[in-house]
Amino acid sequence: MTPTTTSARRPIHPPSAPASLFPYNPGSLLSASDLTLEGISHILTRATALENQDPLTRNRILAKRRVALLFYESSTRTRTSFELAAKALGADTTLVSSLSSSIEKGESLKDTGLTLRALGAEAIILRHNSSGAAWLLEAETRLPVLNAGDGMHEHPTQALLDLRTILAHLKPGTHMVGPETLAGVTVTIVGDILHSRVARSNMLLLPRLGARVVLCGPKELLPEMAANAGPGIIIERNFEEALKQSQVMMMLRIQAERLAGLQLDLEEYKLNYQLTGPRLAALAPTAIVMHPGPIIRGLEITAGVADGPQSVILEQVTNGVAIRMAVVERALLTATAQGARA
Amino acid sequence: MTTLLIRGGHLIDPAAGVDGPKDLLLKDGRVAEIAGPGKIKANGSEILDATGLTVAPGLIDMHVHLREPGQGYKETIASGTAAAAAGGFTAVAAMPNTKPVNDSPEITRWMQAAERGACIRVFPIAAATRGSKGEAINDFAALKSAGAVAVSDDGLPILKDSVMRETLAAAARVGLSVIQHAEDTRMTQLSGGVASMNAGPTAFRLGLRGWVNEAESSIVERDIRLVQDLRDARAHLHVAHISTAAALAAVRQARRNGLRVTCEVAPHHFLLNDEHVGMYDTNAKMCPPLRAEADRVAMIEGILDGVVDAIATDHAPHAVHEKEVEFEHAPNGITGLETALGLSLRWLHKEGKLPLGRVLSLLSAQPAALLNLKGRGTLAVGSFADVVIFDPKAEWTYNARATKSKSRNTPFDGWKMQGKVRWTISEGRIAYVSA
Numbered sequence: 001m002t003p004t005t006t007s008a009r010r011p012i013h014p015p016s017a018p019a020s021l022f023p024y025n026p027g028s029l030l031s032a033s034d035l036t037l038e039g040i041s042h043i044l045t046r047a048t049a050l051e052n053q054d055p056l057t058r059n060r061i062l063a064k065r066r067v068a069l070l071f072y073e074s075s076t077r078t079r080t081s082f083e084l085a086a087k088a089l090g091a092d093t094t095l096v097s098s099l100s101s102s103i104e105k106g107e108s109l110k111d112t113g114l115t116l117r118a119l120g121a122e123a124i125i126l127r128h129n130s131s132g133a134a135w136l137l138e139a140e141t142r143l144p145v146l147n148a149g150d151g152m153h154e155h156p157t158q159a160l161l162d163l164r165t166i167l168a169h170l171k172p173g174t175h176m177v178g179p180e181t182l183a184g185v186t187v188t189i190v191g192d193i194l195h196s197r198v199a200r201s202n203m204l205l206l207p208r209l210g211a212r213v214v215l216c217g218p219k220e221l222l223p224e225m226a227a228n229a230g231p232g233i234i235i236e237r238n239f240e241e242a243l244k245q246s247q248v249m250m251m252l253r254i255q256a257e258r259l260a261g262l263q264l265d266l267e268e269y270k271l272n273y274q275l276t277g278p279r280l281a282a283l284a285p286t287a288i289v290m291h292p293g294p295i296i297r298g299l300e301i302t303a304g305v306a307d308g309p310q311s312v313i314l315e316q317v318t319n320g321v322a323i324r325m326a327v328v329e330r331a332l333l334t335a336t337a338q339g340a341r342a
Numbered sequence: 001m002t003t004l005l006i007r008g009g010h011l012i013d014p015a016a017g018v019d020g021p022k023d024l025l026l027k028d029g030r031v032a033e034i035a036g037p038g039k040i041k042a043n044g045s046e047i048l049d050a051t052g053l054t055v056a057p058g059l060i061d062m063h064v065h066l067r068e069p070g071q072g073y074k075e076t077i078a079s080g081t082a083a084a085a086a087g088g089f090t091a092v093a094a095m096p097n098t099k100p101v102n103d104s105p106e107i108t109r110w111m112q113a114a115e116r117g118a119c120i121r122v123f124p125i126a127a128a129t130r131g132s133k134g135e136a137i138n139d140f141a142a143l144k145s146a147g148a149v150a151v152s153d154d155g156l157p158i159l160k161d162s163v164m165r166e167t168l169a170a171a172a173r174v175g176l177s178v179i180q181h182a183e184d185t186r187m188t189q190l191s192g193g194v195a196s197m198n199a200g201p202t203a204f205r206l207g208l209r210g211w212v213n214e215a216e217s218s219i220v221e222r223d224i225r226l227v228q229d230l231r232d233a234r235a236h237l238h239v240a241h242i243s244t245a246a247a248l249a250a251v252r253q254a255r256r257n258g259l260r261v262t263c264e265v266a267p268h269h270f271l272l273n274d275e276h277v278g279m280y281d282t283n284a285k286m287c288p289p290l291r292a293e294a295d296r297v298a299m300i301e302g303i304l305d306g307v308v309d310a311i312a313t314d315h316a317p318h319a320v321h322e323k324e325v326e327f328e329h330a331p332n333g334i335t336g337l338e339t340a341l342g343l344s345l346r347w348l349h350k351e352g353k354l355p356l357g358r359v360l361s362l363l364s365a366q367p368a369a370l371l372n373l374k375g376r377g378t379l380a381v382g383s384f385a386d387v388v389i390f391d392p393k394a395e396w397t398y399n400a401r402a403t404k405s406k407s408r409n410t411p412f413d414g415w416k417m418q419g420k421v422r423w424t425i426s427e428g429r430i431a432y433v434s435a
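In order, the protein sequences belong to chains A and B. Each step along the first sequence adds one to the number in my numbering, with nothing skipped, and position 164 is 164. Each step along the second sequence adds one to the number in my numbering, with nothing skipped, and position 167 is 167.
Treat the hints with care, since some could be wrong.
Claimed, not checked - Have a look at the derived ranges for each label pair, beta carbon to beta carbon: (1) B:ASN399 with A:PRO11: 22 to 30 Å; (2) A:GLU315 with B:HIS321: 41 to 49 Å; (3) B:TYR73 with A:LEU99: 28 to 36 Å; (4) B:VAL194 with A:PRO231: 28 to 36 Å; (5) A:LEU271 with B:THR185: 32 to 40 Å; (6) A:GLN263 with B:LYS133: 24 to 32 Å; (7) A:ASP265 with B:VAL194: 22 to 30 Å; (8) B:THR185 with A:ALA256: 22 to 30 Å; (9) A:ASP265 with B:ARG256: 55 to 63 Å; (10) B:LYS353 with A:LEU99: 58 to 66 Å.
Stated by the list, open to error - Each computed BS3-like pair below joins lysine-lysine, with the alpha-carbon atoms no more than 30 Å apart: (11) B:LYS374 with A:LYS110; (12) B:LYS27 with B:LYS374; (13) A:LYS105 with B:LYS323; (14) B:LYS27 with A:LYS105; (15) B:LYS323 with A:LYS110; (16) B:LYS133 with B:LYS144; (17) A:LYS110 with B:LYS133; (18) A:LYS244 with A:LYS171; (19) B:LYS323 with B:LYS393.
What the hints assert, rightly or not - Reference listing, derived: stretches of chain B covered by chain A, where coverage requires no fewer than 3 residues with Cβ under 8 Å from a Cβ of chain A: (20) 197 to 208; (21) 239 to 253; (22) 277 to 283.
Honestly, the hints are just simulated from the structure, not real lab data. All of these numbers come straight from a predicted model, not from anything done at the bench. C-beta: ideal position from N, C-alpha, C; glycine also.
So that you can see chain A by itself, here it is in the shape it has in the complex:
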C-alpha cells in the first residue's frame, strides 16, 4: 500500500481524559490548584485569627478529634508544624512513619489508610515519596487528606506558608487575596525545579494572585517544558538576570536522593547559581530570601545570606504552624456533604 501524505489525514478524536478520576473530599488539600482564591483567603484569614487566639480557647476547636500523621519520608519542619498545629487546636495526633510500623512488613498505602480510619482517624496528613500518593489515599479512604508532600509532585501547605511570608513583607496586613494581589511582584525559584514539589505548588499558586514566577536553573534540573506547567511562568537561565528582576528569591536544595544517576558538577553549579552576599547586595538589595529547607549551607546559598538580614527562612517555618492550623481546621470542619471544592 502506498503511504498517503498528511493532507489525507482523517481526524480521529476519541474522548479526551476526564478532569478528575477521584472523588474529592472538600476538606482535603491535595494540590495548590484545588483552592479557589476565596479558599486561599479563608485559610490566610483563619491562620492569623488562630495564631492570635488565646491558646486555652483555641484548643477547644478540635478537642479530642483524631488526626493521623502518616510519614513515608523523613521530615523536620512539616511533620513538627502539622503536629503542633493539630495539637494547638486540641486534636489528638498520632504519628505513623514508614519505619517502625507495619509498612516495613509490606502493608500497602491503601491498607495503612483503612487501618488508620478504622482506628478513628478523621483526617490523614500524608508525606510520601511517590507522586500522587495523596490522591490514592483519598480515593481509598474517602477521608480528608492533607498532602504534606508527594514525591516530586506537590506540597501545597508549603506554598501557602510561602504566600503568607511573601504577603507579610510585600503586602503587610493582606488576607483577602485576588488576581491582582501580587501584580508587579516577581518571584524567582532557583535550582532543582525538576525534583521539587515546593516549586510545583508555588508555580501553581502564585501566578493566580498576579505574581510573575521566574524559574532559574541548569537544564538538567529545569527542563524547558516547566514553563508550560501553567500561566505566568517563565524560564531565565541566567541567575544574575533573574536576581535583578526579583522581589522574592526562593532557593531550593539539590535533591541528591532523587537525581537518578544525573551527573551534576557542583562546583559549576555554585559558580552559576549560588546566592552569595555580593550577588544579593549588588543585584537585589531589597529582595527577601526564602528557602523551604533543609538548607545545604555553602551549596545553593551561603551561610552569610541564610543568616543575613534579607533572609526570611525562619519566618517561613513559623508561618507553617499558623497555615497548618487553618488547614487542619478546614479539613475537620468542612462538611463532607458540601460536595464542591472549597
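Assemble chain B onto chain A, guided by the hints.
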C-alpha cells in the same frame, strides 16, 4: 464432530477477496463449503442464523500475556482464552514472560496442552534468550517444533548488539520472526527511579519520571541496521506495540528499502495520549506508555497508510490489588482482548472510514501471515473453521466488571464500542456465544 451451517450472513474474508452474502459449512474443524445464500443444504447440521451479521475469519491477537505458568491469580490460559473468544478472537500468541520464563520446549508444550482448558488456539511465543536475560540464545529449532510461532524477550529487550544480531540470524534459519519490545532500559530505568509514563509536560506536571521517545526509536533503528546487515539471511524483525512517530518512520523507511521489518500497534496507543493518565490512573500505565498526541495521531496514520501490519492488544492482566497502589509502583499493562474489535470498529471504521475489510485484515489475515499460521486468517475452503460472527452496527458499552478475564485493569471501562460479537467459533466448535 457436528457440522455447523452459518446462514444468511455477510462474509468478509479480505485474504480471499470475498465481500458478499455467503453461507458457510463448517465440518471437522475446517471450512467445507462456501456458497450463495440458501445454496447449502442443512442435512442435519446445526444452523447459526447470521442474518444481518458479518461473518469473518476469527481474530488473531499476536501479543497477549496469559500469565500461565506461574501467575494464575492474574489470568489463566482458560480465563484469558475465554476473554479472547468473547472479543472475537480464535487465536492468540502468548508472550513468554511467564514464571518461569517460557524458554523451553517443555513449557511451550505445557501451554498448549488440553489440560490448560483453552477454548481457542494458543500459540506460544518462546523466549529468545535463556530466561529472557539477553545473553544466551535458545534452541529455536526445538522451540519451533514444540509449537512456538516466534521468539521474543518481550518486556526485556535484547540490548546487546551481538546477541540481537545472532538472534535475528538464528531465527531466520528456522523461519521464525523476532519480536522486539523496543525499549532502551538504559534510558528508562535509572538507579534513582524508573520512568513510569511518557516524558513530556504531563509527566513534569505530575512529578513522574518520563520515558523518552528515543528509548524506543533508538532500539528500532539499531535493530533495522542489524536486519540490513542480515539481508541475505532474510531476517524478520517485528516491532511489538510500536508507540512513537520516530520508530514508525524508521519502520516505514526500512520497508521502502525492502527489509522484512513489520510492526503492530495496540488500541490504547492509537486512541489514548499521555493526558489520560489523569490524576495517576494506574489503568493508564503500560509499557510503552501512552504517548503525546502527535505520536497517537502518527499511529492512526500508520494504520491508515498501511505501514502498521497488525493491531495487537498487549493484553496484560493484573490483579486489582496490584493496580491499587502508588502510580510509580503499579505494574505495567492493561487488558485488551474484549475491547479490541469494538474500539477498532468504532474509531478506525466508523470515524476513520477505514473499510471494514481493512480493519478485519489487521486483526486476522495480517497477524496470521506475520506468524506464518497456515490455514488461519482466512475462510477459504479447507482453512481452519475459525470464525467470528458479529453485528457490525450494534453499539454497546464495555463493562469491565463483566469481563471473562480474571482481571479488569482497563482504561476503556464505560467506553462506547461498535460491533458486537454473537458467535466465536474455534476450529468448528462454538467457543463463545453472546447472551
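| Non-conforming hints, listed in increasing numerical order | Result: hints 9, 11, 14, 17, 19, 21 break, sorted rising.
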